[in-house]
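Asks: Spelled out from the first residue to the last, the chains are:
There are 2 protein chains.
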Amino acid sequence: MDWINNRKILIVGLGLMGGSYAKALKRLGYSVSAIDARKSSVEYALDNGIIDEGSDHADKKIISEADTIIFAVYPRIICDWIRENQAMFKPGIIITDVTGIKGNIVYDIQDILREDVEFIASHPMAGRELSGVENSDDRIFRDANFIVVPTEKNSKEAVKWCSNLGQILGCRKVSVLSPAEHDRMIAYVSQLTHCIAVSLMTCHDDPKIADYTGDSFRDLTRIARINENMWTELFFMNKEALLSEMDAFIGELSSIRKYIESEDEEALKEKMRTSTARRESFDK
Amino acid sequence: MDWINNRKILIVGLGLMGGSYAKALKRLGYSVSAIDARKSSVEYALDNGIIDEGSDHADKKIISEADTIIFAVYPRIICDWIRENQAMFKPGIIITDVTGIKGNIVYDIQDILREDVEFIASHPMAGRELSGVENSDDRIFRDANFIVVPTEKNSKEAVKWCSNLGQILGCRKVSVLSPAEHDRMIAYVSQLTHCIAVSLMTCHDDPKIADYTGDSFRDLTRIARINENMWTELFFMNKEALLSEMDAFIGELSSIRKYIESEDEEALKEKMRTSTARRESFDK
Chain X
1 MDWINNRKIL IVGLGLMGGS YAKALKRLGY SVSAIDARKS SVEYALDNGI IDEGSDHADK
61 KIISEADTII FAVYPRIICD WIRENQAMFK PGIIITDVTG IKGNIVYDIQ DILREDVEFI
121 ASHPMAGREL SGVENSDDRI FRDANFIVVP TEKNSKEAVK WCSNLGQILG CRKVSVLSPA
181 EHDRMIAYVS QLTHCIAVSL MTCHDDPKIA DYTGDSFRDL TRIARINENM WTELFFMNKE
241 ALLSEMDAFI GELSSIRKYI ESEDEEALKE KMRTSTARRE SFDK
Chain H
1 MDWINNRKIL IVGLGLMGGS YAKALKRLGY SVSAIDARKS SVEYALDNGI IDEGSDHADK
61 KIISEADTII FAVYPRIICD WIRENQAMFK PGIIITDVTG IKGNIVYDIQ DILREDVEFI
121 ASHPMAGREL SGVENSDDRI FRDANFIVVP TEKNSKEAVK WCSNLGQILG CRKVSVLSPA
181 EHDRMIAYVS QLTHCIAVSL MTCHDDPKIA DYTGDSFRDL TRIARINENM WTELFFMNKE
241 ALLSEMDAFI GELSSIRKYI ESEDEEALKE KMRTSTARRE SFDK
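Protein chains in written order, with our numbering: chain X, 1 to 284; chain H, 1 to 284.
One or more of the hints may lead you astray.
Below, a sample of chain X positions facing chain H; criterion: calculated Cβ distance under 10 Å [to be verified]:
| no. | residue |
| --- | --- |
| 1 | Tyr-107 |
| 2 | Gln-110 |
| 3 | Arg-114 |
| 4 | Glu-129 |
| 5 | Ser-175 |
| 6 | Ser-178 |
| 7 | Ser-190 |
| 8 | Ile-209 |
| 9 | Thr-213 |
| 10 | Glu-228 |
| 11 | Ser-255 |
| 12 | Arg-278 |
| 13 | Ser-281 |
I should point out that these hints are in silico values taken from the structure, not numbers from a laboratory.
For each residue, glycine too, the CB sits at the ideal point set by N, CA and C.
Chain X extracted, bound-state conformation:
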């Protein structure tokens, strides 16, 4: 199951992420096929040389020839798709995904999967505020962190294979976390930030706001342009961890509110010194 022998890669789901994977892997010399129910996405990818082969349905030839399958679809779809189509899988293949939550899906997938096939979860922390294969871009991996998320069922070889996938995509840093660790972390650094951006944008209705904003407001609301179907699904599937992070953040912001109300200069400055020191360590 190493990369030398994995010549044919099938991507299920040809949106922004699927298209970006296809571009990166084609550039590296792999034969890339794709399946997506949206005929126009498949045609676009074929016409623009993003994939070598494609279909708008679970095509037997494409599925049975794949040495690797990468799922770049909404999380709830993966299990059903595997259940319906795994009889066609080539023996001994390896499967991964790109999904932003893990605990709620990886165990289910591994439970229903054929014994001779291995599913190893992964999460490229990359994206854009746009969607669709037309906006795919393999440069999104350049500054991205890539997280491999094995369970106890995964082999060391699969962890190594998947880490290598993150590296060849061009990701900045590859880490390994358990599903629970991943979901707690993602609730904090990704899901909470999206909740904050949306709230900041919706807590006031001032149509002239763009005339008065500086960079800070623009930065904090960039991700307020949000795919409501995908993110609602991700939030609900990671509800417990996300609610706990929201509570921690609301508690912290309420402390800062209290320091401002009581003009507790020293407590407020101490928070600012802590945030400055932590944020500086990012830019090193």
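Got chain X; can you put chain H on it based on the hints?
Replies: For chain H alone, coordinates are given in the frame of chain X:
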């Protein structure tokens, strides 16, 4: 008091903003002087051709020759400085500032100011996460909004003059707001965003966080590198408006929290559609 006759401009306070004003105005052909108690800042600016003349104290020659004075110091300092030095001002000059809060200072300044001199407040919504004249850069005005903040005491000519200042600095858009409107707006788009960024950075202590973050967390915490002395002063001087904005935001985020907890899909998606539509209008 038009720009043709205002040949000599004095900048009081040679930090990041003062230095950036000096660079922009020198480039336009004005004669620029500066006063700052930090001798090293004055020397740096003289050595690097950022100013034509400078002093580390309230030099009589420099002050009395100025046709315009721009205050780029902490807000609490301005009143005292004017009280101590206005006897030296040339008759009929015009004064402005760069301060991020207005209601708490403009009326005081106008109350103590000599009858023949006019103070018109303004606020360039530009900045960097760095400080000091060494980091000054007149390109910070390019995408900035510039707010002119007159009171009933200001003349139409001064509003026009100050709007023109924003234009020649190269700002993207110049608006006029009352002090109360300005302070409410700034509490929302600038002060609240800084409180959020600090809270997001301090609500968890995970030294490995940089290995797992994506662009969204980096965007939302860029301004968590914060000058604790300046921002504490700004927060306290605009306390009422800021607390009200913090309450509105915490209330909104708590609503979103409730929608996630109860899995109210439609209410959550509606918020996301609103935030997406509002944020899109920024990028037009």
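Asks: Please go over all the hints and tell whether each is borne out by the structure.
Replies: Each hint, compared with the structure:
1. Tyr-107: It is violated, given that the least Cβ distance between Tyr-107 (chain X) and chain H is near 21 Å, above 10 Å.
2. Gln-110: violated, 23 Å
3. Arg-114: violated, 32 Å
4. Glu-129: holds, 9 Å
5. Ser-175: holds, 5 Å
6. Ser-178: Constraint on Ser-178 (chain X) not satisfied, violated at 13 Å.
7. Ser-190: holds, 6 Å
8. Ile-209: holds, 7 Å
9. Thr-213: holds, 5 Å
10. Glu-228: holds, 4 Å
11. Ser-255: The hint holds - Ser-255 (chain X) has a Cβ within 10 Å of chain H, the shortest such distance being about 8 Å.
12. Arg-278: holds, 5 Å
13. Ser-281: At 7 Å from the nearest chain H Cβ, Ser-281 (chain X) passes the 10 Å test, so the hint holds.
Of the hints listed earlier, those the structure fails to meet are numbers 1, 2, 3 and 6, in rising order.
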